[in-house]
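Chain A is fixed; fit chain B onto it per the hints.
Protein sequence lines, in the order shown, are assigned to chains A and B. Residues 534 to 628 in this note's numbering are what the first sequence spells out, letter by letter. Residues 49 to 730 in this note's numbering are what the second sequence spells out, letter by letter.
Source of the hints: derived by calculation from the structure; they are not laboratory data.
Counterexamples of contact, computed for chain A against chain B with all Cβ distances above 12 angstroms:
hint, residue
1, F620
2, T623
3, A624
4, V625
5, H626
6, A627
7, A628
List of simulated lysine-lysine pairs, DSSO-like, C-alpha gap at most 27 angstroms:
hint, chain 1, residue 1, chain 2, residue 2
8, B, K258, A, K559
9, A, K576, B, K258
10, A, K576, B, K171
11, B, K628, B, K677
12, B, K323, B, K258
Using N, Cα and C, we set each Cβ at its ideal position, and we do this for glycine too.
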Amino acid sequence: MSMITILACAALLIGVFVYVFYPQSKTEEQTQKTRLEFLRERKDTIYENLRDLNFEYRAGKYPEEDYLAQRAGMENEAAQILAEIEFLETAVHAA
Amino acid sequence: MAAFGSFAILFGLVLCVYNFVVGAFALRQIAVHPHVSLGPERLAESARRAGIGSFIALSAAAFALVYCAFTNDFSVSYILHHSNRALPWPYKFAALWSGQEGSLLLWAWLLGAYGFVLRVRHKVDVKLTAYASTILAAVQIFFTLLIVFPAPPFALTQGAVPADGFGLNPLLQYPEMVIHPPMLYLGYVGFSVPFAFALGALMMRYPGEKWIHITRRWTMVTWLFLTCGIFLGMHWAYAVLGWGGYWGWDPVENASLMPWLTGTAFLHSVMMQEKRGMMKSWNVWLIFTTFMLSILGTLLTRSGLVSSVHAFAESSIGTWFWGFLLIVLSVCLFTYILQRDHLQSEHKLESLVSRESSFLFNNLVLLAACFTVLWGTLFPIISEYVEGSKVTVGPPFYNRVAVPIGVFLLFLTGIGPILAWRSTSFKSVKRNFLWPSIAGVTTAVVLMAAGMRPWQDVGTLYSLMTFSLAALVITAVGSEFWRGARVIQRHTGKNMLLSLVQLTRRNTRRYGGHLVHIGVVIVFVGLAGSAFNQSNEQEMGFHDSMTIGQYRLVCQSYTQDSNANYDSEYELLNVYKNGKFLTQMAPERRFYHASQQTETMVANHSTLQRDLYVVYEGRNQDTNQPIIKVILNPLVAWIWIGVVVMAFGTLLALVPNMSAEQATKPRKPAEEELALPAGVGD
Numbered sequence: 534m535s536m537i538t539i540l541a542c543a544a545l546l547i548g549v550f551v552y553v554f555y556p557q558s559k560t561e562e563q564t565q566k567t568r569l570e571f572l573r574e575r576k577d578t579i580y581e582n583l584r585d586l587n588f589e590y591r592a593g594k595y596p597e598e599d600y601l602a603q604r605a606g607m608e609n610e611a612a613q614i615l616a617e618i619e620f621l622e623t624a625v626h627a628a
Numbered sequence: 049m050a051a052f053g054s055f056a057i058l059f060g061l062v063l064c065v066y067n068f069v070v071g072a073f074a075l076r077q078i079a080v081h082p083h084v085s086l087g088p089e090r091l092a093e094s095a096r097r098a099g100i101g102s103f104i105a106l107s108a109a110a111f112a113l114v115y116c117a118f119t120n121d122f123s124v125s126y127i128l129h130h131s132n133r134a135l136p137w138p139y140k141f142a143a144l145w146s147g148q149e150g151s152l153l154l155w156a157w158l159l160g161a162y163g164f165v166l167r168v169r170h171k172v173d174v175k176l177t178a179y180a181s182t183i184l185a186a187v188q189i190f191f192t193l194l195i196v197f198p199a200p201p202f203a204l205t206q207g208a209v210p211a212d213g214f215g216l217n218p219l220l221q222y223p224e225m226v227i228h229p230p231m232l233y234l235g236y237v238g239f240s241v242p243f244a245f246a247l248g249a250l251m252m253r254y255p256g257e258k259w260i261h262i263t264r265r266w267t268m269v270t271w272l273f274l275t276c277g278i279f280l281g282m283h284w285a286y287a288v289l290g291w292g293g294y295w296g297w298d299p300v301e302n303a304s305l306m307p308w309l310t311g312t313a314f315l316h317s318v319m320m321q322e323k324r325g326m327m328k329s330w331n332v333w334l335i336f337t338t339f340m341l342s343i344l345g346t347l348l349t350r351s352g353l354v355s356s357v358h359a360f361a362e363s364s365i366g367t368w369f370w371g372f373l374l375i376v377l378s379v380c381l382f383t384y385i386l387q388r389d390h391l392q393s394e395h396k397l398e399s400l401v402s403r404e405s406s407f408l409f410n411n412l413v414l415l416a417a418c419f420t421v422l423w424g425t426l427f428p429i430i431s432e433y434v435e436g437s438k439v440t441v442g443p444p445f446y447n448r449v450a451v452p453i454g455v456f457l458l459f460l461t462g463i464g465p466i467l468a469w470r471s472t473s474f475k476s477v478k479r480n481f482l483w484p485s486i487a488g489v490t491t492a493v494v495l496m497a498a499g500m501r502p503w504q505d506v507g508t509l510y511s512l513m514t515f516s517l518a519a520l521v522i523t524a525v526g527s528e529f530w531r532g533a534r535v536i537q538r539h540t541g542k543n544m545l546l547s548l549v550q551l552t553r554r555n556t557r558r559y560g561g562h563l564v565h566i567g568v569v570i571v572f573v574g575l576a577g578s579a580f581n582q583s584n585e586q587e588m589g590f591h592d593s594m595t596i597g598q599y600r601l602v603c604q605s606y607t608q609d610s611n612a613n614y615d616s617e618y619e620l621l622n623v624y625k626n627g628k629f630l631t632q633m634a635p636e637r638r639f640y641h642a643s644q645q646t647e648t649m650v651a652n653h654s655t656l657q658r659d660l661y662v663v664y665e666g667r668n669q670d671t672n673q674p675i676i677k678v679i680l681n682p683l684v685a686w687i688w689i690g691v692v693v694m695a696f697g698t699l700l701a702l703v704p705n706m707s708a709e710q711a712t713k714p715r716k717p718a719e720e721e722l723a724l725p726a727g728v729g730d
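Looking at chain A on its own, in the form it has when it is part of the complex (with noise of 0.2 angstroms):
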């Protein structure tokens, strides 16, 4: 094995090995997600849902009642999300 060979794989070695066990001083947290997280993204969901209902309405895709009636169920939806929201907000706070 030559020289330079010997010289590459220590180069290799050391700098790999100096990159994974450098201290650092700050260390991402791994949270885990909560509920209200999960809430917050199912609203966003919801709301892009309604979005997307609304516009298509709009391109005069469905029918008013059956656009009626889906939005009527989507709302539905959300409200619940946002009462739960509501509620564990409170908690948090209260807390």
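Below, chain B without anything else, positioned relative to chain A:
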């Protein structure tokens, strides 16, 4: 350099093992003692960095192998067997994946590259990424083990080192071969990332669907690579193999198609999970299956398990792959059984006439196609195991099943976007289907009036159905763009073109998806042309001529040539269309010195109507005159155009929405209050 390459691979393996073991230990510690000091998180960070380090080590190994190819280092057995001095330099790159050891190194390196991006972008969700990184490290260990033990790329040549190598397989000495395998591998390997996220999310009982949002771009990019890889392979087969077709249901072609089918199903069905919280178990199993089929694809390509023109390597690594597949299946099954209560659907299917049901049918059809292909591909192995003799199923088996499935899929492509979520009323169906149906029926009537006779043979029937459905889908998708743009136009006063641009930017995923569907339709139109192929074959000496369709080919000369890499024979043909000179073509046959193999170089004159495909078949032993085969392939160019449209649509879908960009701006507190459902209209 060989010693450095071997060291880099070994070091990469050590780093992958560290990433996996320490990463898993840290995750366990954090899960069991969530409120202890930072110790486990520091360990997890070092595991993440080891994963990044493994990419650096494997990059060094890949560089070392390419360096050996460029410096003609035939002391490395792999270079001796897959390169030679006269090999043009772009093909020296291709030597990296032309043999088993090199291609497995490429697999491991690409996996490292995907892992590198994933680990660098860990802040998107630190904990979920830590799980995904650890799972990915386990997959990396498997592939790095392969290149350490059964298939080392830096094994040394035994005995005296020859002055020149044995050369690259001539079939691989074609420009597309420099990009086709890496594209395909980027597709295969890429599915590891959504797989790792899905398994990680299930293991940690990740609440919600954000993991899908995180992996959406990964999945789309991977799907794009696989799509491009498959179609580049088709084009290569069309241009190089000289049989006049582009898809022969070869086991290795099938191996690439199977993960594509399940991956496509996954891309569609995750939308149901994102939008409605449905089909969670289904989606998890779809991505598990896609990953396992990617591994199976690599196994079929690299193990020589099935005979194929594309299987450029044969070996005994099959046992390793089967073992790995078994472990993956066991882990997936175990995790699923343990956590299946986490995958409860939030909604049920409300109606059979809804977008959800169209996605469900789309999934079932894609899976049926996948199962057909899997059954046909593995049938020789199964028949040998059961009956002791290999029974191979050919194109007629696949065509009998896949063609009607494809036509039905085309139909679903048209109706899916028209249907509403939850349920669609009859009134809505009538409103949205009227014009697409008129377009479909009109196309069928016009084509029959123009001379198509669908009752004469089944090929013509399927072609007519395809053209008719193509018109239906284009009209349906076109009306989506038209209606949406009109809303924008009413609101903004912009012209139709600008409104279309704004509409697309507003929801790039949806309208990019529509463009992909248009691309699929164009591909289907190209495929449907195969029902009208014509061919002719004859000896063509000096001034001999052949007539096929509107074309007449006249031999001007035939001669031989030679260079350092190969000897060649070719014929110069003048081509006339309807009596007028069109072009000159030169079909060729090469004999490569190093590998002692011959290869056909097809001459192809391609137009939007048809391809004039000319093959130099060799010489008649008695008369010493060249034999020329000519095939007229209608509409083939549309296949390649369709793929470009599909690629463009996918790239468009990757662009962030305009509304999403606006949403990232800080909102005023009052707007939170105003963000009520009824008001979110535009």
